[in-house]
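Position chain H against the provided structure of chain E, taking the given hints into account.
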Amino acid sequence: MLEAIILTVITAATPLLLAATGELVVEKSGVLNLGVEGMMVMGAVAGFAVTVSTGSPLLGIVGGAVAGVLTSLIFAFVTLTLVANQVASGLALTLFGLGLSGLMGESFVGQPGIKLQSLDIPGLTTLPFVGKILFGQDILVYLSFAAVFGVAWFLNRTRAGLILRAVGDNHASAHALGYSVIGVRYVAVMFGGAMAGLGGAYLSVAYTPLWVENMTAGRGWIALALVVFASWMPWRAAIGAYLFGAVTVLQFHAQALGIGFPSQFLAMLPYLATVIVLVAISGNRRATLFNTPSSLGKSFVPDR
Amino acid sequence: MGEGTGDTGEILRRVGGDTPLLEVRHVIKRFGSFAANDDVSLKVMPGEIHALLGENGAGKSTLVKIIYGSLQPNAGEILWKGKPVTVASPAEARALGVGMVFQHFSLFEAMTVVENIALALPNCKATRELADTIARVSANYGLPLDPNAHIADLSVGERQRVEIVRCLLQNPELIIMDEPTSVLTPQEADQLFVTLRRLAEEGCAILYISHRLEEVRALCHHATIMRRAKVVAEADPARETVNTLAQLMVGNEIIRVIRDKGRLGPEAILLKGLTQISQEAFGVSLQDVNLSVRSGEIVAIAGIAGNGQKELFDALSGEEPLEKEDMVIFAGEAAGLMDINQRRLLGAAFVPEERLGHGAVPALKLSENVVLTRHGTGEGIARRGFTRFGKAGRIVEKVTSLFDVRKGVLDPEARSLSGGNLQKFVVGREVERTPKILIIAQPTWGVDAGAAAVIRQSLIDLSRKGAAILVISQDLDEIFEIADRIAVISRGHLSKAEDADTLTPEKVGLLMAGGAEKKGAAAA
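Chains as they are written, first to last, in UniProt numbering: chain E, 1 to 304; chain H, 1 to 524.
The reader is advised that the hints may include incorrect statements.
[As the list claims (entries may be wrong)] One side of the interface only, derived from the structure: several residues of chain E facing chain H at Cβ under 7 Å:
no., residue
1, R159
2, M268
3, L269
4, F290
No wet-lab data here; the hints were simulated from the structure.
Fair warning: this is a prediction, and the values are worked out from it, not measured in the lab.
Think of the CB as a built atom: it goes at the ideal place given N, C-alpha and C, for glycine as much as any other residue.
Same shape as in the complex, but just chain E:
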């Protein structure tokens, strides 16, 4: 029973973790992209379409990431090059993604998909209890953890990460020092798009291998909330994703067991948790100052 629950928690948490890790990097560079849901759903439909037409779930995943990047480029062009408002553009991107994916996926509704293979190492995967959890996952689950590790290392240990944080902390100063604020942000937004696309592809290729319109069902918003919940720290994002994933699973089990508890209440728990965390961190101004990218959501126009 416990093993089964853990396995479902992993599948619920992975898309959240992928998208949140990407958005974390985007926000660290000072850009607030509220279009995560839109990029995820584009990744989901592209992932499914490529998988079905090529017969390869791996290619499908790549397709999902590419679709995420392309969608994010619209946002990047509008907000970074044309300096439009980031909040409005992000919301528009979500609506755009939901609409376009519905149109693109119309012919795929009801088609059977191909499920992404899970790892199967003889001897290890068959170990009792831990075997399936540690050695029996699909590639995206491992990738999500690699991403958390990689992003944490990148942000705190590399020069490029230092520059990215500098751009997010004070874009005027970064520009004065000669860094390309817009260039750094383009790359960050594209990375965010790729990760959101992977998260979406996970849903349609690994989680439930089929395409349903609107199948992200608000996960992009949870990923956004997660970034704040994690106060922009990659490891906390991982913990948060699993916490939120567990809540989602709990919701299903509570329903199945017929506990007289409205499932809607559980569904709102992640958001409630985010609000509580927001209140908690805003009480500690010092922590807020050091973790929150100061330029978040502010447009940058170099004076030339």
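Structure of chain H alone, referenced to chain E:
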């Protein structure tokens, strides 16, 4: 040509010869139809401390940005050691050997000193070796720094040290300094001059931008003076007086502030044991502040930024509620629990430090900004939920003519005004009401000499008409020009206000550097 030798990583001693280190020839820079630099030429010799003088908007910052590669000129050329160069970016300027200490520091608050410095060095990471180098170089030049401190925790003076050390680690041959002493105490400034002289002796040239002519005279070997986008004069500052330099900067229209003795009336502002614990992470708590200002006098509060000035202003204006109502008394009435409009009805007016964003809403017209501070003053500008913009418009007109506010259209948005003109408007808006009490923070911050003189004179005139004025300022020259009495704030303690005639800038400087605290604590 002599060749310099020395350890790598340290600044080499260079012997210059006759070739200028930097020569700017006939540079033109236009923004639209407006020329910010119009045929500007400049020569800086190695090891020379070269002053660049001029009022705000004279084009100094534009010129410096062109030299540092953040702006590209429309015409003209730059020669480095006699060879023409194109400085396409700040990184290229740094590679040539040009370093810059910015006026508004270009530091990253949430990062450590090491990280900030690593960002300015090519391909450098925030490693332990870098931290060691920073500690060594900073100690060497008398600028002690903790490499692992976060910028947000540092004082303004320490932040400037970070900027300077960051410059020094790039092995610069020319350091550009934009208004470096405007944020320092006289003592900190003296320390800076020692460092700069030492750098110059080692062969590093310094291009020094400042408004403070006294220090330019003491420090600089040569001065280039700009006015309205052009170079108008070259001078040897040691041979000029402050007055002749000022005349060169502003042309002939120099306005002098005239201050006679005022006739003192009753106590109009009284602070009794004003204590306020700050809730902000980097805020300062006010500790038993006592002060009285009588009608007809100007009392100035000096102090280094971030010593409780903001908190004091907020307590006086009613932005922060106080514990007891008699901590602040305006015109005999206990005002400590009143909101800002109730205080205004007692005859008080307030001009905050930040003119754009706090003193005025950038996107609103001037007339709308008039309504914002004068809707509740009983003048009938807002009545029964309706606003009378005709009345507000007439106030704009009056302020415009009284204070010579220069604007393109009749009623422009606040953000379209230049800093000096907006400051004249923000001050004029309150002065035009002839308040009985005026609390004003940094009345001429970043404003050119002409506008500053207009504002300072208007404050003196207002007080002589019987207003009690409290000026919170960091600018000692300004304070000595207008104040009758001076008090110093230091970490939330306020020293006793003393007669300005009995004080000197040095004495006030010592109080600013902490002398006021002990007194405050002993008095309490």
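Hints, one by one, checked against the model:
For R159 of chain E, the shortest C-beta to C-beta distance to chain H is roughly 5 Å, which falls under 7 Å, so the interface hint holds. Checking M268 of chain E against chain H: minimum C-beta separation of about 31 Å lies over 7 Å; hint violated. Using the Cβ-Cβ criterion of 7 Å, the hint placing L269 of chain E at the interface with chain H is not satisfied: the shortest such distance is roughly 30 Å. At about 5 Å, the closest approach between the beta carbon of F290 of chain E and any beta carbon in chain H falls short of 7 Å, and the interface hint on this residue holds.
Violated hints, in rising order: 2, 3; the structure is consistent with all others.
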